[in-house]
Amino acid sequence: MSAVTAAGPFRWLVQLWAVVVKEVRQTVQDKRIMALIVIAPFLQLVLLGFAIDLDVDQVPTIVVDMDRTPESRHAVAALMADGSLTAVGTAGSPSDADAALDRGDAAVVLIVPEGYARDLARGEPTQVQVLLDGTDPTRSGIAGGAAVRYFGEQGFSLAKQRLAAVAPDVQISAIDVRSRLAYNPSLSTPIYMVPGIAGMLLLIITTIVTAMGLSREREVGTLEQIRVTPLPTAVLMLGKVLPFVAVGLFDVTLALTAGVYIFDVPIRGSMLDFYIVTSLFLLTTVGVGLFLAAVSKTQQQAFVGAFLFILPAILLSGTMTPIHAMPDWMQPMTLLNPLRFYLEAIRAILLKGASLSDVPVQTAALLVYGLLILGFASLLFRKRLD
Amino acid sequence: MWLFLTRVGAMAGKETLHIRRDPLTLWLGLALPLFLLILFGFGISFDLDHIPLAVVDQDNTTESRELRQLFTAGSEFVFAGALDNPDDALDAFAKSQAHAVLTIPEGYAAALSRGENVEVGLILDAADANSAQQALARADAFAQLASAQAAQRRGLDIAGSMPVSARTWTRYNPAGRSALFLVPGVTAYVMALVSVLLTALAVSKEWEQGSMEQLFATPVRRAEIVVGKLLPYLGMGIIQVLLVLVAGTWIFGLPTNGNGLVVALGSLLFMVGMLGQGLLISIVARNQMVASLTAVMTAMLPSMLLSGFMFPVENMPLPLRTLSNMVPARYYIQVLRGTLLKDNGFAELAVPLMLLAAFATLMMVVSTVMFKRKLA
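Chains A and B are the protein sequences, given in the same order. The numbers in numbering that gives the first Met the number 0 rise by one with no breaks, and the one at position 243 of the first sequence is 242. The numbers in numbering that gives the first Met the number 0 rise by one with no breaks, and the one at position 284 of the second sequence is 283.
To be clear, the hints were calculated from the coordinates, so they are not data collected in a lab. A couple of the hints might just be wrong.
Claimed, not checked - Short, incomplete list of chain A residues facing chain B, as computed with Cβ under 7 Å:
hint: 1; residue: V127
hint: 2; residue: A146
hint: 3; residue: S156
hint: 4; residue: A164
hint: 5; residue: V165
hint: 6; residue: A166
hint: 7; residue: D168
hint: 8; residue: V176
hint: 9; residue: Y182
hint: 10; residue: S187
hint: 11; residue: R267
hint: 12; residue: M270
Heads up, the beta-carbon is just placed ideally off N, CA and C, and yes, glycines get one too.
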């Protein structure tokens, strides 16, 4: 074979090629694994992108209008026009509405008290009651906030009118917030989630495929057969790892393409920077896979091990909700997590147009963690082989 | 009947021995649920909390400093430093030093003292849309408050005599804590994950190693193999539910005023369904790697994403909402949230309980039939 006869410094390259080809053939042969590597990430990204929509609007509301006047109907209609709440029914009494809340038919009950219009006309303070289903705090917070804001604004402008009637020269200033939404003016959730999902998929697939591919070979006993060949251990490991790195790069490209075309995720930074940080992150995922393959005896153990690494890594990374919302004692733990730095870096590069020099800490952290983990795993794997 | 029980018992004993000899499985089954509960309960929070806010104070008066303090007094925003120019905002965002920039214009205090309207600027890093949406609403509320305070300073008490206002009462979760919302979801998620995964792996391992054929050579019948193999995992599942619920009560103050019987029935039905699904996967896959990845795709992800665990089902497009009707975790979460948070009983939860029972029956029947056919 040419691998054996090739001379000099290129010999290891030829050997490496042979290992890569073997590995690719072995993987390609199993159609089910190919489907999981190629189709699943794409499907998942699309599914996740559509599934994760945290935008709260149209919260189902039951209206209990005990006043039944044009004023009360106008107030209800104006509040609904804002879009945060949507009326799904009316109830005659607060206790009927309460039962609807219990059954989950509605999440908000808006109670306009009897005498609402009369009190307004007389200038007596009146109060609208809003009963919220607090099971989902985000939803109840936004629904309650919308009601409080609407009636607050009404109250404020009414108070101003009354004051103007009494004392025409006194002015009351209103402080308005003029807001500008950078990067994501339509407040679309997928724009934030797609990079997170891409990172998550990269982590899951490359770690699991590396760990299980190697431990399978050990379980079946073919690893010993390869050891009998004249391959140096370093070349063997590199050859086994390279196809998985390629899988990772392929998957992340696929995920990003889907994100751009389906969810309008912007690419504001340089793709080169994106691939550089992605490659640095792959050092970690492949390293963890190699480590797991080294320490586990069976595929089941390797898989469980991958799991025990992947889940906390995802939860402590800010994939879904921001890190600054975690309790103070938990935040430092995220500094041990390469995924955290990867997501920060790719979100900054893709969404905010950052370059590598804007994210020096993240890049350095990925490099250091990657080299440490992959180096340690290679040593361990080598030791287990010999 | 007696023989049936003996043979099932023998299978279950054999499987228990497998579990006991594999510390990783045991650890996955018992410690992982608690670990996940803590990570999810504390780590995932959709609340507006600690948004780093940079301030461009072009007015530099007592009033402008008061506005800054008003914004950062609560837990929603934390002061992340002063900026000279609002144009530096994007740079601060790119470096992740701030997520919001408040600009107080020159002449802010002067305008307030004259009773003129004034605009403050708020630039938000809206990449995280959920936080941005909440921050926007919060900032509006602060501005309203500041307006009332400014009027009060000039002797015009507006806040005290608001002609109309709204008062909110929050039921079921008055403190509005994400954790109470998430704990029932974590329970369903962890059980779906662990049950499907462990059964899928346990059975596909027997195929892969060829010991399934040996089992068939014994007088144990097919159905008995199925029941016997699943029983230990069912036991483990029951311990998991108890562990997670007890820990949820202790750590996160999950209320336990619901109907225990409904919780028990719902948990049992859900678990049998999940074990059946794991069995079905292992019969179709026959290979541990494929079985485990299939379990991840069909149990772990849907239970997290399409169940209403974290992301509201109502917001999803129609095809996904339809799909979510087929995810049993959705109904189990409905049962848990209903009983634990809302004190619902059988009357309110009859439909989800029936759907869970239907799923469990379907899975067990299909997998037993497939199992028999596979060997014929």
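Problem set entry | Hint numbers not upheld by this structure, sorted from lowest to highest | Structure breaks hints 3, 4, 5, 6, 7, 11, 12.
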